[in-house]
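Take the given structure of chain R and dock chain L to it, following the hints.
From first to last, the protein sequence lines are chains R and L. What the first sequence shows, in this note's numbering, is residues 14 to 280, in sequence order. What the second sequence shows, in this note's numbering, is residues 14 to 280, in sequence order.
Quick caveat, the hints were computed from the structure, so don't treat them as lab data. Take the hints with a grain of salt, since some may be wrong.
Same chains, same names: a pair is fine if it fits in one copy or spans any two.
List time: in silico DMTMM-like cross-link candidates among lysine to aspartate or glutamate, alpha-carbon distance up to 25 Å [stated by the list, open to error]: (1) Lys274 x Glu240; (2) Lys25 x Asp75; (3) Lys153 x Asp132; (4) Lys177 x Asp70.
Note that the structure is a prediction, hence the values are computed from the model and not measured.
There are 2 protein chains.
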Amino acid sequence: MSERGVIDWIRKHAPNFGSGVRVGIGDDCAVYRPVAGEELVFTTDFTIEGRHFTLGDYSPRDVGYKALARGLSDIAAMGADPRFTLVSLAVPDETFVKPFFGGLFGLARKYGVTVAGGDLSRSEKVHVDIVVCGTVPKGKALLRSGAKPGDWLYVTGPLGIWKKRPTPRLDLVEIVRREAHAAMDITDGLSMDLDRLLIASGVTCEITAAPPVCRGATLEDAWHRGEDYELLIASPKRLAKPFHEIGLVCAGRPGSPVPPKGWDHFG
Amino acid sequence: MSERGVIDWIRKHAPNFGSGVRVGIGDDCAVYRPVAGEELVFTTDFTIEGRHFTLGDYSPRDVGYKALARGLSDIAAMGADPRFTLVSLAVPDETFVKPFFGGLFGLARKYGVTVAGGDLSRSEKVHVDIVVCGTVPKGKALLRSGAKPGDWLYVTGPLGIWKKRPTPRLDLVEIVRREAHAAMDITDGLSMDLDRLLIASGVTCEITAAPPVCRGATLEDAWHRGEDYELLIASPKRLAKPFHEIGLVCAGRPGSPVPPKGWDHFG
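For reference, chain R alone in the conformation it holds in the complex:
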């Protein structure tokens, strides 16, 4: 199949919810018309064969699902609603393309995400890079830097097992946006991500409870393993399930009392 044939297939099947996208796949650029009073948030995430997955463990559909799920998880972490995605895919073999997009389009449809463009190329190993754009009312984006002494720290579900098809916590966006001072998603291990949030906020914390642990994982896994795609938030309020309290923010030398041992891509 020629590049044009592949692109025509993608264009025909790509979810399109409008959602502000005036021009989608097929031009030099996608065009987005913002709504008054909204801000846009953008994330970009690689999903690379041999680094983030292996083709022994992941089908092309799984890779498409996960590539978008990673981006959507970042959008949830900002307290934002996803709008559109741009998908760059480099593959050794074009048979990968359709099932990959099948998995990705399924997830995009579930959350009303328009696939607005991207790039296709060849590469010896599968490389995906996804951009997701979300929207949030002006000034309401949740940053890592907003935690304050007295805030409670929560995680949104059990940790410790690499998830092939993680569910981005977009179901919690409304409550997180209303109740949290700071948020991020847990991808590199709770210990490392907690350290990052506390450093960004210039605070430290006491650990008040162990994080919930996935069946089949250990507490060590829950702290350090990563790829959880749950949220870590700081809120001045007492929150009920699925928010599990793990600590209390306090003043002090910025960083976590639990030494970070998570995933460092250049370590």
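Leaving out everything else, chain L in the frame of chain R:
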């Protein structure tokens, strides 16, 4: 150097022109605040070792320059002004990172582009994926589909030689936005890109003049080689240099009278 060390270095040196970017490198997402009356255009482009460049021919600085130049060329093709970029870089070896960003930051500074975020990872070969966001007054983005019978077709400079450090034609954005009905950049060869523009517009053309040819290239190169990063535009007006007339749009079976022989990534 750890991932955090690398990111700290990037954050410290990344051009930041404000330009609507409220939150840049270091959070889960970048945050952009749109200005009333503007639309946003987005492009994403891979630059892959062995596909778009070789490390024998390109220094890391050249790769950084070119990765951004490719995206800026798409922004120019929409008649837009570049605002910010997100840079995803996967490398086998972290010594690549600083000179790569050195080359990229230099070009970003020249055009006032904020580097607002991205992703870093490891890979066996260098893979870059760049997103560039630009802005254009509402409804003014130039599409491929706007050419009309009676429009003159122009290219903006000599063609036929692969350019290691192409100059994106952002210098022509104002005049192109004012005078053109349709525009795209020439990356896959004039023959293929002209065919695409005419098909998107549902028109054909007569060729009225040969395209200008780079010194050292042949007319065949100018038509088919690609990687020119000049613009192809359709305008109802007679335009002076650097616009070189090559044809006249007319009604007929959509497509180019010159058989496309350019670059097909999946061909």
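Tested hints:
no., hint, result
1, Lys274 x Glu240, "within (14 Å within a copy, 45 Å between copies)"
2, Lys25 x Asp75, "within (21 Å within a copy, 37 Å between copies)"
3, Lys153 x Asp132, "between (31 Å within a copy, 24 Å between copies)"
4, Lys177 x Asp70, "within (9 Å within a copy, 39 Å between copies)"
Hint violations for this structure: none, all hints satisfied.
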